[in-house]
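Number of protein chains: 2
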Amino acid sequence: MKFRRSERLIDMTHYLLERPKELVSLTFFSEKYESAKSSISEDLAIIKDTFEKQGIGSLQTIPGASGGVKYIPRTNKEDAKKFINELCRLIADSDRLLPGGYLYLTDLLGNPQIVSKVGKLLASSFADTDIDVIMTVATKGISIAHATAAYLNVPVVIVRRDSKVTEGSTVSINYVSGSSKRIQTMVLSKRSLNEGAKVLIVDDFMKAGGTVKGMVNLLDEFNASLAGIAVLLESEEAEERLVDDYVSLVKLMDVDVKEKKIKVIEGNYFTNK
Amino acid sequence: MKFRRSERLIDMTHYLLERPKELVSLTFFSEKYESAKSSISEDLAIIKDTFEKQGIGSLQTIPGASGGVKYIPRTNKEDAKKFINELCRLIADSDRLLPGGYLYLTDLLGNPQIVSKVGKLLASSFADTDIDVIMTVATKGISIAHATAAYLNVPVVIVRRDSKVTEGSTVSINYVSGSSKRIQTMVLSKRSLNEGAKVLIVDDFMKAGGTVKGMVNLLDEFNASLAGIAVLLESEEAEERLVDDYVSLVKLMDVDVKEKKIKVIEGNYFTNK
Chain A
1 MKFRRSERLI DMTHYLLERP KELVSLTFFS EKYESAKSSI SEDLAIIKDT FEKQGIGSLQ
61 TIPGASGGVK YIPRTNKEDA KKFINELCRL IADSDRLLPG GYLYLTDLLG NPQIVSKVGK
121 LLASSFADTD IDVIMTVATK GISIAHATAA YLNVPVVIVR RDSKVTEGST VSINYVSGSS
181 KRIQTMVLSK RSLNEGAKVL IVDDFMKAGG TVKGMVNLLD EFNASLAGIA VLLESEEAEE
241 RLVDDYVSLV KLMDVDVKEK KIKVIEGNYF TNK
Chain B
1 MKFRRSERLI DMTHYLLERP KELVSLTFFS EKYESAKSSI SEDLAIIKDT FEKQGIGSLQ
61 TIPGASGGVK YIPRTNKEDA KKFINELCRL IADSDRLLPG GYLYLTDLLG NPQIVSKVGK
121 LLASSFADTD IDVIMTVATK GISIAHATAA YLNVPVVIVR RDSKVTEGST VSINYVSGSS
181 KRIQTMVLSK RSLNEGAKVL IVDDFMKAGG TVKGMVNLLD EFNASLAGIA VLLESEEAEE
241 RLVDDYVSLV KLMDVDVKEK KIKVIEGNYF TNK
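From first to last, the protein sequence lines stand for chains A and B. In this text, residue positions in the first sequence follow the numbering used here: the first is 1, and each later residue adds one. In this text, residue positions in the second sequence follow the numbering used here: the first is 1, and each later residue adds one.
Since the hints were derived computationally from the structure, they do not count as laboratory data. Be aware that a few hints might be false.
The list makes no distinction among identical chains, and a pair is therefore deemed to hold if it is satisfied within one copy or across any two copies.
Straight-line alpha carbon distances no greater than 25 Å define the calculated DSS-like cross-link-like pairs of lysine-lysine that follow [claimed, not checked]:
#1 Lys-77 <-> Lys-2
#2 Lys-198 <-> Lys-181
#3 Lys-48 <-> Lys-32
#4 Lys-48 <-> Lys-2
#5 Lys-2 <-> Lys-263
#6 Lys-164 <-> Lys-213
#7 Lys-263 <-> Lys-251
#8 Lys-81 <-> Lys-32
#9 Lys-190 <-> Lys-258
#10 Lys-53 <-> Lys-2
#11 Lys-260 <-> Lys-190
#12 Lys-164 <-> Lys-263
#13 Lys-32 <-> Lys-82
#14 Lys-164 <-> Lys-261
#15 Lys-260 <-> Lys-164
#16 Lys-190 <-> Lys-164
#17 Lys-213 <-> Lys-181
#18 Lys-32 <-> Lys-2
Computed from a predicted structure; not experimentally measured.
One chain only, chain A, in its complex shape:
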């Protein structure tokens, strides 16, 4: 069956959105829709225009016989600002205050719309970085790590506090938690990370950065390299930051338990580029 342009545009949009950063050849589309490559090229030009105009992302065209097209997720500045402001508003809600000045963020990390937008923003920050895999630590960072991974189209590996029989052999390291100064253990399945892999570390919350630093040290054990660090929320409180090059969406400035006030501002998302 022949495809009309309108059908092609809808199906190609879906196809590309499902495969960020994957090179799709013109030949593939041309065969899928039984249409001339020149028509496919015209379709892609319209999709590219619309994606850019609407802040969906960009289409990168690679010319030549082995060429094709790639969807690169990007968030435009206006949408990013709006969403980060919304996050600030949500996180500053005094109902989040827990005994000890901790913040309850579980609802945000479980909300698929929020998680997906956080993932798209973090992925946008690293859209032009060469990344093979995303690393996070169980449990709370997993949702945003996976959302970021979906937009970068790379796998996720999860560092754990203890080893499980279903992980096979593991590598474990001890590290010093930045804020509590306690010695803790982290464990990663041996076969989950390849030698030489370029790793983006993603986590929900960073205070002094001890846990993130632990993950960076773990990379050495695997001869893997650090490609970047991205967190949803960083805390200003930290006396001494163990990590300095990272992207954060929101920054926690102050938690006043007595007055029940949480002060948050935009993170370094816009300034770190």
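Since the structure of chain A is already known, use the hints to place chain B on it.
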């Protein structure tokens, strides 16, 4: 600025795909694109046709003043068969065998393309069920729970083995693990689940079903109700299944450690409907 039909089709496709099961009014699209409602209706008819023809899902139209359109993710039978066969092939790989006859599945559960397809299949199974929230248990089920949640557009709550200070007050229960018969604890943050919520339980692996049964018991503590159970992999091995109504994609028939053979077949995905 005015939008041409081709641009509208691309942007509407993106907009709808990002918001499964959400009612979007014709007025919203009409204002967004400064186009007559009659044109928007025509656009939606083309999108609906293409979504159905291409196995992307369906568009449900709700007529009337408060009406609009909803994208319902569905996987057609042919695509589902193909993907489940692929899963069987991947899981039957003898390299997955770990000491004790356990299977290494971490790579599959960390692969964004596989995780997303699993999520779409499980969501398709429950596309017409009333679901408020998805529940899973840390850690391995989290990725597919979130992928399913993204397609059903509902939040995820994560049951843990131990309570964390960042979860606030928790409810904990003891349960008997089905296969090891050991008494274990599971914990859920009190404020993460509302009274009366209809809950879909999602997990990566079910043997006797002790963990899933534990989650079902936990629902009682919250006066929540069970809307369904969905697992990626079930095991035939179980002497006595503690749970009987569930959907599985793949069924593990036998693990022969000596011969290094794993036997898997299609789960009850097609027969359970």
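Any hints from earlier that this structure breaks? Give me their numbers in increasing order, please. 2, 5
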